[in-house]
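Participant: Residues per chain, in single letters:
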Amino acid sequence: MHPALSVILFTTASGAGYGLLFLIGLLSGTAFLPESRWFAGVAFGLSLGAISFGLLASTFHLGHPERAWRALSQWRSSWLSREGIASLIVYPPAGILALLWLLHGRTLPWLGWLTALVAAVTVYCTSMIYASLKPIPRWHHPLVPAVYLLLGLMTGTLLLQMLLAFFGHIPMPLTWFTLAMLVIGLVAKLAYWHSIDKAQPESTAESATGLGPLGRVRLLEAPHTSDNYLMKEMGHAIARKHASKLRWLSILFGFLLPLVLTLLATALPSLTGAAALLIAAVSGFGGVLLERWLFFAEAKHAVTLYYGTAAV
Amino acid sequence: MTSLPAPGAKKLGLVIDLDICVGCHACAVNCKEWNSGGHMAPLTDLDPYGPNPLGVWFNRVHSFEAGEGAESRTVHFPRSCLHCEQPACVEVCPTGASYKRAEDGIVLVNESLCIGCKLCSWACPYGAREYDYDVGVMKKCTLCIDKIYNETLDPADRVPACVATCPVSARHFGDLGDPQSEVSVLVAERGGYALMPEMGYQPVNRYLPPRPRRDGKGEDRELALAPAAPPAEGAHPFLRWIDRVLSR
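From first to last, the protein sequence lines stand for chains E and U.
Just so we're aligned: 294 in our numbering is position 294 of the first sequence, and the numbers increase by one with no gaps anywhere.
Just so we're aligned: 459 in our numbering is position 147 of the second sequence, and the numbers increase by one with no gaps anywhere.
Simulated from the structure, these hints should not be mistaken for laboratory data.
All the pointers check out, no bait thrown in.
Output of the computed footprint for chain U on chain E, the stretches with three or more beta carbons under 8 Å from beta carbons of chain U:
{"hint": "1", "stretch": "51-63"}
{"hint": "2", "stretch": "216-222"}
List of simulated lysine-lysine pairs, BS3-like, C-alpha gap at most 30 Å:
{"hint": "3", "chain 1": "E", "residue 1": "Lys232", "chain 2": "U", "residue 2": "Lys344"}
{"hint": "4", "chain 1": "U", "residue 1": "Lys322", "chain 2": "E", "residue 2": "Lys134"}
{"hint": "5", "chain 1": "E", "residue 1": "Lys198", "chain 2": "E", "residue 2": "Lys241"}
Cβ-Cβ distance ranges computed for the label pairs, FRET-style:
{"hint": "6", "chain 1": "U", "residue 1": "Asn462", "chain 2": "E", "residue 2": "Gly215", "range": "41 to 47 Å"}
{"hint": "7", "chain 1": "U", "residue 1": "Ala318", "chain 2": "E", "residue 2": "Gly49", "range": "44 to 50 Å"}
{"hint": "8", "chain 1": "E", "residue 1": "Gly49", "chain 2": "U", "residue 2": "Pro365", "range": "39 to 45 Å"}
Glycine included, every Cβ here is placed at the ideal spot set by N, Cα and C.
Generate coordinates for the entire structure from the input sequences, incorporating the hints supplied.
Facilitator: Pasting the structure below:
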């Protein structure tokens with residue numbers, strides 16, 4: 001699949017934003033987060049900013065962005081529509097929570113829980129847009145929603161611990177949680193890669209043409225001499241050696257470096273520690289960007305069976 | 313509404329005979345011609361005379377080779393929308409632009425509702441939908457809805473453009489929901505099949521497989537490929553002269 005920058009930015013930025021919002025919402029009534037209104041302003045600003053940036057980016061790949069509001073109508077059948085609605089529903093509780101915090105200090109834990117719930121549901125809807133597509137077997141996979149949720153939460157956690165470091169207070173349990181998220185995220189992604197590498201083909205040139213009874217089927221002549229929309233959008237292919245190199249880079253920047261920096265920050269004085277966690281958050285986001293690029297670039301669409309691919 | 317309607321009795325579709333198709337692309341060209349002025353017009357072409365033409369077509373003719381060696385076959389394979397009974401392209405549409413008609417099963421796009429998110433094309437394993445980069449909406453085969461119901465046309469002409477133009481009658485149009493219809497009988501007789509049934513989309517269109525070779529052992533072919541016998545001694549002197557000239 002063609003790795004469109006707008007969609008990659010959308011899923012990663014909004015994923016991190018929802019991850020952070022989820023944690024702020026969940027912990028809003030607890031002493032894990034500072035009472036400071038400055039903290040609330042920065043934390044809500046960062047999470048809602050990342051979410052809004054992602055949502056805006058996602059409209060850039062539309063042919064008619066001005067009609068985007070119509071996408072809210074088909075929630076009965078379409079995961080894209082459900083995601084659009086969930087992404088809007090999250091704003092009122094998050095906004096009220098932020099406003100109350102800014103005006104009166106921390107309050108109403110149930111509003112935080114509601115915000116966290118809708119944030120998680122939105123990311124799940126995003127993941128199901130991809131996981132529901134049968135013609136792309138590498139997306140139609142039970143680990144896809146799990147990885148989207150875990151990596152969103154992981155990048156959100158990296159952002160939260162960075163913010164807390166700058167506000168001078170990281171509770172130890174949160175450091176442990178960050179380390180656990182990095183390990184769980186990495187394990188989930190490795191399990192996904194292992195699974196798609198081992199997977200048997202779901203469809204073949206034989207089943208796509210129905211000519212299997214005659215023997216092995218291969219393309220003799222394409223219908224057209226230059227790439228059409230299908231080839232541009234669905235025909236993107238990446239060399240296996242590049243893919244494995246990029247997977248390593250994504251593991252390094254997305255998981256290993258943030259892991260080392262998070263551990264390092266516990267031993268560093270507060271300001272250098274905060275700087276280390278800032279690098280950890282940026283590195284983690286970069287690694288997930290790479291992971292999301294690969295998610296698209298490595299996915300093979302069944303329509304390519306009509307254009308010379310033997311199996312998907 | 314992108315939720316699917318209750319399945320109707322009528323299932324209009326195409327039956328394509330892969331035994332007969334000669335791969336002339338006339339169906340694709342006539343499709344382009346009719347639909348350039350039809351329901352989903354225009355079928356935009358970008359850079360049509362340049363080095364990288366890019367245009368919208370509803371019908372594409374692929375040529376495949378199947379089998380090995382002397383037993384292999386060249387099969388020309390027209391590919392267009394199959395008007396599935398469970399069209400995922402319709403269900404994923406967030407705006408309701410994609411819909412399936414209850415009355416005849418045709419899958420259509422309402423261009424004025426389409427936001428051009430392209431998700432329907434991702435959901436279709438058959439490559440039936442092509443994005444119009446110029447207009448910014450998704451386009452697809454309409455089964456020539458503006459032709460098959462057009463009462464100003466002669467009844468014989470009320471068939472899709474691809475069917476009307478096929479010079480070898482490899483394409484048939486009719487109601488595949490009616491087991492007595494000509495197309496249904498044809499499918500039953502020839503073992504017509506659906507593409508990628510494993511997707512579960514239940515395509516309506518059917519493909520008729522190439523018939524088995526008549527000889528089965530390749531004897532006809534050996535005969536056809538055997539060198540022509542040299543002119544016998546008693547042949548016409550002119551033919552013997554030709555043979556001598558050609559044998560030099």
